[in-house]
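In the order they appear, the protein sequences are chains A and B.
Residue 0 is where the first sequence starts when you use numbering that gives the first Met the number 0, and the numbers rise one by one after that.
Residue 0 is where the second sequence starts when you use numbering that gives the first Met the number 0, and the numbers rise one by one after that.
Think of the hints as simulated: they come from the structure by calculation, not from any bench.
Cβ atoms here follow ideal geometry from the backbone N, Cα and C, with glycine treated the same way.
Possibly wrong hints are sitting among the right ones.
[What the hints assert, rightly or not] Straight line, CA to CA, 35 Å or less: simulated DSBU-like cross-link-like pairs of lysine-lysine:
id, chain 1, residue 1, chain 2, residue 2
1, A, Lys10, B, Lys234
2, B, Lys13, A, Lys26
3, A, Lys89, A, Lys122
4, A, Lys98, B, Lys13
5, A, Lys91, A, Lys10
6, A, Lys89, B, Lys92
[Stated by the list, open to error] According to the in silico footprint, chain B covers these stretches of chain A (three or more CB under 8 Å from chain B):
id, stretch
7, 61 to 73
8, 99 to 105
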Amino acid sequence: MTIEINNLHKKFGKNQVLKGVDLTIDKGHIYAILGPNGSGKTTLIKSILGMVIPDKGNISILDSPIKKDWKYRKKIDYLPQIANFPPNIKVKELIHMIKDLRNSPSSEGELIALFGLEPFLNKKLSTLSGGTKQKVNIVLTFMFDTPLIILDEPTTGLDPKALISLKELIRKEKANGKTILITSHIMQIVEEMADEILYLLEGEIYFKGSIKELLNRTEQTNFEHAIAAITTTGSHA
Amino acid sequence: MPLRPLQQQEVMLKILKYSFYDLIRSRWSYIYFLFYLALGFVLLFLNNDVSKAVITLMNVIIVLIPLIGTIFGVMYYYNSREFTELLLAQPVKRSSIFMGQYFGVAGSLTLSLVLGLGIPFLLYGLMRSNAIFDFSLLLVTGAFLTLIFVGLSFVIAISNENKIKGFGYAVLLWLFLAVVYDGLFLMSLIMFEEYPLDTFSLVATALNPIDLSRILILLKLDISALLGYTGAIFKKFFGTDLGFLVSLAILLIWTVLPILGLRYKARRKDF
Numbered sequence: 000m001t002i003e004i005n006n007l008h009k010k011f012g013k014n015q016v017l018k019g020v021d022l023t024i025d026k027g028h029i030y031a032i033l034g035p036n037g038s039g040k041t042t043l044i045k046s047i048l049g050m051v052i053p054d055k056g057n058i059s060i061l062d063s064p065i066k067k068d069w070k071y072r073k074k075i076d077y078l079p080q081i082a083n084f085p086p087n088i089k090v091k092e093l094i095h096m097i098k099d100l101r102n103s104p105s106s107e108g109e110l111i112a113l114f115g116l117e118p119f120l121n122k123k124l125s126t127l128s129g130g131t132k133q134k135v136n137i138v139l140t141f142m143f144d145t146p147l148i149i150l151d152e153p154t155t156g157l158d159p160k161a162l163i164s165l166k167e168l169i170r171k172e173k174a175n176g177k178t179i180l181i182t183s184h185i186m187q188i189v190e191e192m193a194d195e196i197l198y199l200l201e202g203e204i205y206f207k208g209s210i211k212e213l214l215n216r217t218e219q220t221n222f223e224h225a226i227a228a229i230t231t232t233g234s235h236a
Numbered sequence: 000m001p002l003r004p005l006q007q008q009e010v011m012l013k014i015l016k017y018s019f020y021d022l023i024r025s026r027w028s029y030i031y032f033l034f035y036l037a038l039g040f041v042l043l044f045l046n047n048d049v050s051k052a053v054i055t056l057m058n059v060i061i062v063l064i065p066l067i068g069t070i071f072g073v074m075y076y077y078n079s080r081e082f083t084e085l086l087l088a089q090p091v092k093r094s095s096i097f098m099g100q101y102f103g104v105a106g107s108l109t110l111s112l113v114l115g116l117g118i119p120f121l122l123y124g125l126m127r128s129n130a131i132f133d134f135s136l137l138l139v140t141g142a143f144l145t146l147i148f149v150g151l152s153f154v155i156a157i158s159n160e161n162k163i164k165g166f167g168y169a170v171l172l173w174l175f176l177a178v179v180y181d182g183l184f185l186m187s188l189i190m191f192e193e194y195p196l197d198t199f200s201l202v203a204t205a206l207n208p209i210d211l212s213r214i215l216i217l218l219k220l221d222i223s224a225l226l227g228y229t230g231a232i233f234k235k236f237f238g239t240d241l242g243f244l245v246s247l248a249i250l251l252i253w254t255v256l257p258i259l260g261l262r263y264k265a266r267r268k269d270f
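All chains, please: the whole structure from these sequences, using the hints.
Pasting the structure below:
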């Protein structure tokens, strides 16, 4: 399995964000992490990335524990939720820097062409629009070949054309046997892409299963309504 | 293209390089450099007395270096938060990120200082008198003060998510070590004047890196006679080779402590 999480707890001050998350993520599927605002989605992702240090519990990635390790991040590509980049460097320089640091083979050329970023390569990041920044963000994420890809709100600010390209990109990576985690507030994307739904509620995994299982459990026919109804049907996964 | 995994030192050096280039491209580094250059030329060449020039130079830089180090350190940390977050998700050790940024900032400031004052020193030495090279200590203590105060400001910044608070604490720390400490020191000397205060003044001076640097340079100038009885004691301790080594060791400890603090904080912080 790709990720295994046991009894994960995290508290920020008085705010208990994760209250014992247990989770197994298998190879080669697309998982959607859903949940209301403040349910701990980003904290969960950041714990997996080692950016947030859990109070209790264990995380293993590709069968090795991540505690006090950093090398495992070579196996992960991460698309952060808000593309905060250093403002004073050019797109080209940023791509070069990340390549330089990771020192692995990369395929940024195709991706730059796919998202039409050539005219922006010599522009400073502070001058780019939100959508263009997100495209740069996507290029930085997908240019390396890693078994695990984590996407936090990947569709933010994208135009329809870029959205189609992104979906194709995700499908292609899945076909290559990669494991992909996505958070999104856009249910249409989730319904279209995800094999499994993980529903976080108040710091716990409230539901885990396929879309079909979710529809059955909530007795709904529409996915969006099923998500909305998930907490009222009260059946734990 | 080399595809072997990078060593962490290499990664740290790369981050150092980015921060360093980022800073030496910035306008402020040039202003800082030109300021020292102008200060050095004006004081050395328009002043007939080397000692006086060095004293004035010392009085300016001993207060200015910590202030600039503090402000640059805090500003750089907060301004590069986005970049730091980007780096944190990469296969890079946390301490490499922060050590790289720290040495990048401290290195570029030290370079401005050493070049800015070094060029006038060198020209003065070539044209007027070699004596100026005795005061290379000015550059050494300046470099130490830069490392110390950039380190302290990084520790303060990493401990405070709130920019305004972090900035405030950093400036307060500077104010305390550069101004308030001396005041307290003098007050205690006056209050306890009936007691023998030799050891107390030695220790109190050694504990503050700014005071320690000042005494080291003053003793080098051989004007300790002007400092009276206390000066004689200082001369007796700091003037010897042992005293000098102890002082350098204390400056080194002052440099290492914030670095260790930064590593400690970096390991535990949530981003």
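Hints and how they fare:
Restraint check for A:Lys10 and B:Lys234: the C-alpha separation of about 55 Å exceeds 35 Å, so the hint is violated. Only pairs whose Cα atoms come within 35 Å are accepted, and B:Lys13 paired with A:Lys26 is accepted, the gap being roughly 34 Å. Taking the CA atoms of A:Lys89 and A:Lys122, the gap is near 5 Å; set against the 35 Å cutoff, the hint holds. Between A:Lys98 and B:Lys13, the direct Cα distance comes to roughly 12 Å. Compliance with the 35 Å bound is thereby established for this hinted pair.
As the CA atoms of A:Lys91 and A:Lys10 are separated by approximately 39 Å, the hinted pair breaks the 35 Å bound. Our distance criterion of 35 Å between C-alpha atoms is met by A:Lys89 and B:Lys92, whose separation comes to about 25 Å. Counting residues of the stretch 61 to 73 of chain A whose beta carbon lies closer than 8 Å to any beta carbon of chain B gives 5, which reaches the threshold of three, so the coverage claim holds. A count of 6 residues in the stretch 99 to 105 of chain A with a Cβ less than 8 Å from any Cβ of chain B is obtained; the coverage claim is therefore met, three being the minimum.
Checked against the numbered hints given earlier, the structure breaks hints 1, 5 and satisfies all the rest.
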